[in-house]
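Work the whole structure out from these sequences, hints included.
If you want this note's numbering, it's the 1-based position in the sequence shown plus 693.
Read the hints as simulated data drawn from the structure, not as lab findings. Note that the Cβ used here is the ideal one computed from N, Cα and C, for glycine as well.
Okay, the calculated beta carbon distance ranges per label pair: (1) A697 with E765: 27 to 35 Å; (2) V743 with K766: 33 to 41 Å; (3) I695 with Y752: 20 to 28 Å; (4) W711 with A749: 18 to 26 Å; (5) Y705 with K734: 31 to 39 Å; (6) A757 with A715: 13 to 21 Å; (7) G702 with A750: 15 to 23 Å; (8) A750 with V717: 17 to 25 Å; (9) K758 with F719: 16 to 24 Å; (10) K736 with K712: 32 to 40 Å; (11) E735 with A715: 31 to 39 Å.
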Amino acid sequence: MIKALLALGDRYAARSSWKDFALVKFCLFSMGLIAGTMIPKEKKGPVIAVAAAIFAASYVPLMAKVFRVAAEKDE
Numbered sequence: 694m695i696k697a698l699l700a701l702g703d704r705y706a707a708r709s710s711w712k713d714f715a716l717v718k719f720c721l722f723s724m725g726l727i728a729g730t731m732i733p734k735e736k737k738g739p740v741i742a743v744a745a746a747i748f749a750a751s752y753v754p755l756m757a758k759v760f761r762v763a764a765e766k767d768e
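Dropping the structure here:
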């Protein structure tokens with residue numbers, strides 16, 4: 694089941710443009726905002742810490758790839 698979902702993700706990525714990925718990011722961002730408004734005030738601190746860690750763990754590799762691609766010579 695997981696392999697099928699990963700294969701679907703690969704096919705989707707191969708057929709997508711930057712606009713498609715931007716829409717996915719906007720969708721995920723809006724879902725995060727909605728979820729954030731539902732968290733009780735006294736529990737927001739730990740949730741924010743976990744969210745920040747996940748953001749850093751995902752953003753750094755994404756940006757590293759962007760810089761690697763930008764540094765490549767056109768072939």
